[in-house]
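Following the hints, complete the assembly by docking chain Z onto the known chain P.
Protein chains in written order, with my numbering: chain P, 1 to 552; chain Z, 1 to 201.
Hints listed in this document are in silico derivations from the structure and should not be mistaken for laboratory results. By construction, the Cβ of each residue, glycine as well, lies at the ideal position given by its N, Cα and C atoms. Just so you know, not all the hints are guaranteed correct.
[Claimed, not checked] A short, non-exhaustive set of chain P residues, derived as facing chain Z with CB atoms under 8 angstroms:
# : residue
1 : 108
2 : 132
3 : 382
4 : 388
5 : 525
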Amino acid sequence: MAILPPGVSAESFASAIREFQDAIGREWVFTSDDDLYSYRDHFSYIKDQPNELIPSAAVGPDTTEQVQAIVRTANKYKIPLYAISTGKNFAYGGPSPNVRGSVTVDLKRMNRILVCDDKRHFALVEPGVSYIDLYRHIQANKLNVWVDTPDPGWGSLIGNAMDHGIGYTMGYYRDHFGAHTGMEVVLPNGEILRTGMGAMPASQSWQEYRHGYGPDPCGLFGQGNFGIVTKMGFRLMPAPEHWRNGLVTVPKRQDLIPLIEAVNYLCDLSMCGEPWYGSPLMPLMGNTEFRDAALAFNESAMDRLAASANLHSWQVELQFYGSERTTLANWEYAQELVARKVPGARFTNGESLKTPLTREQIANTTGPYPTNMRRNITQGVPGLGIWYMTGRTERNPNAWNETHIGLFSLVARSGEGILKAQKDFADVARRMEMPSLFPNALQTPVNWYQFAFLMGNGFGLGGGDTSPAGKLKATAKLREVLRENAKLGYGDYRAPPILQDDVADQYSFNDFVLRRFTEQLKDAIDPNGIISPGRAGVWPAPFRSMRGGMRS
Amino acid sequence: MLNRRDLLRGAATLPALAMTPMPFDAALGAGAPVLELERFVFDVRFAEAGAIAKHVAHLGVALSPVADDLMTLWYDDLDLKWRKAPMALAGVTLEDALFVLETFALDRGMHVVYRGEHGLVEDGRITHRLAGPAALIERLEPLPADWESALAKALTECPLGAPQTARAELVTDGAPLSLRDAPLYSWIIAPRGVVSSRIES
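So here's chain P without its partners, still in its complex pose (with noise of 0.2 angstroms):
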């Protein structure tokens, strides 16, 4: 099923494949059906539709020098570039591009990691390095440095981080865009950007001083299509001697205010890791009368079920690295200004461990209370168990094997914001006719970006029909769930393409004036509109008229 890049004639893609083939040899330069099968979305709402989300070919270079040329020919010839570096990104669409037609730039080939430093904390990788290749680096070389690794660990460093993923250990390093400390990219003009102190050619601190001097241009990068970038540099936490975890239940609904209140205090000091929010009252939702108060918002019905069942209504789990002796205090610190907070608060130990867990403590599930915490991630240790959700399983029966998306909307970071984002998504998945439980009274944030909550709108495809048109309907419903949750003031941060014109309708703040400052943008440095068009909802001006195009 060969295509071609909209706008592009046959004659002229069969020269650009040449000129591909010229410059990183044609062993590298894909397009049959059968190469192509890998850049797929496997999970596409849209899979085998007319409309699919599929490249015209794809190019794998090694090098920076190779990047530039595939960069100055697809110029020459208007070819749409989607550069992956994995293509792992699950849940936002994998390897499929923005454009269907695209030339999908493979960077797995540059795999190589170019600095680990273990003294000043920080590595330099190329976008082909996984964070378990990462991970083989640090413990082939007896590293004291951790990664912190998203779940699961095969993706890339870079890809994850231009596609604001996130981690699970300290709150700084949890921000994988954020924690990074510099990068080179290839301009849509084939021209090498450095930014940061990488842009002084003798600087001895490139990884250390982010900013350089003047305006900062790496944000453009972030889930941006300024440039495709080929080294980034990564702040890697030191390897702490301890680990310990703990965990705090409140009695009342309304007690998840000052919880939330201590737990933001402690992170924001440093003091604790990622802390795991929950509900001991999910059990619960098996009973009836529970149940229906739990749909109702009923809070003093919900309180005295919960109360006579002996069950708390919200659960914190904290953990702690450092020291024996400063994991300890901190925790004991923790249940202080807990307790002082919210009477009736407990308290249980976890586990206190000397660092790093062995495999066996790594994989053990049992400890002093139950936990939902994938301990592995919390240890800097990549896994591959995250893929549960696809199987179709009695907790799973849609099958996410079928298809698969990501929403998470920003929610505000207090227990006042979490009350009334489950009673908003609630209400507006009730409206959708959305069959799922989720969202629901008992519904808890994450906190994977250490100054930010982050909900699900958790619900998979409305009635579990996978067919072509329930996959359709059910991504008109995921469209209106956006825009109901954008007049609500719930954003959502990441998005597969055939959803990011819809994210960025969010985004609306004085009639859409950061969609035409980056569009403005983007013309003015990539005028063919080259670099991944329609990323994030950012459209160039050649590709422009495409905006919206997947509603259709």
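What follows is chain Z alone, placed relative to chain P:
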């Protein structure tokens, strides 16, 4: 360094089509070369997977037990081996494990050439939906009550080249003690240059 072209080079993929059954011996002549498996990956949590693994082990294939997270298998074994060369392997796992291995395999010039879904035990019976080389599928028709043994043998006799593919839906009795709540998947992953007929999910 990853030598991708070497890994990706293979015969054109044939679409997965149903075909007219033909005698097994005609489809896979006696003594015809078959795919030599270097690993058999099985999920130790499920009795049927263990039973199939036991039969496969008797046929001389090295076993790789897994449960839940494939990281150990990937990190300690497959990643290191696949950096040097692609390999042929088969398994019986949950769908997520197959997804992970298939995705890695596609990066390294390999793909799924046989895929079987073994449903839940319902009313004492299991439905098996199979797709792969026609000769392999035919060998399983009709699937005997001891389906684990038959499947184990078939998995070790995958034809090479660009075999025609077929699909089948077969039913057997289910083991009364099967406690799983999810379908099991049997599969074969092979280098694209060795078996070129991919079976898509």
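Evaluation of the provided hints:
1. 108: Because about 7 angstroms separates residue 108 (chain P) from the closest Cβ in chain Z, which is inside the 8 angstroms limit, the hint holds.
2. 132: holds, 7 angstroms
3. 382: holds, 7 angstroms
4. 388: holds, 5 angstroms
5. 525: Given a least distance of 31 angstroms, the restraint on residue 525 (chain P) is violated.
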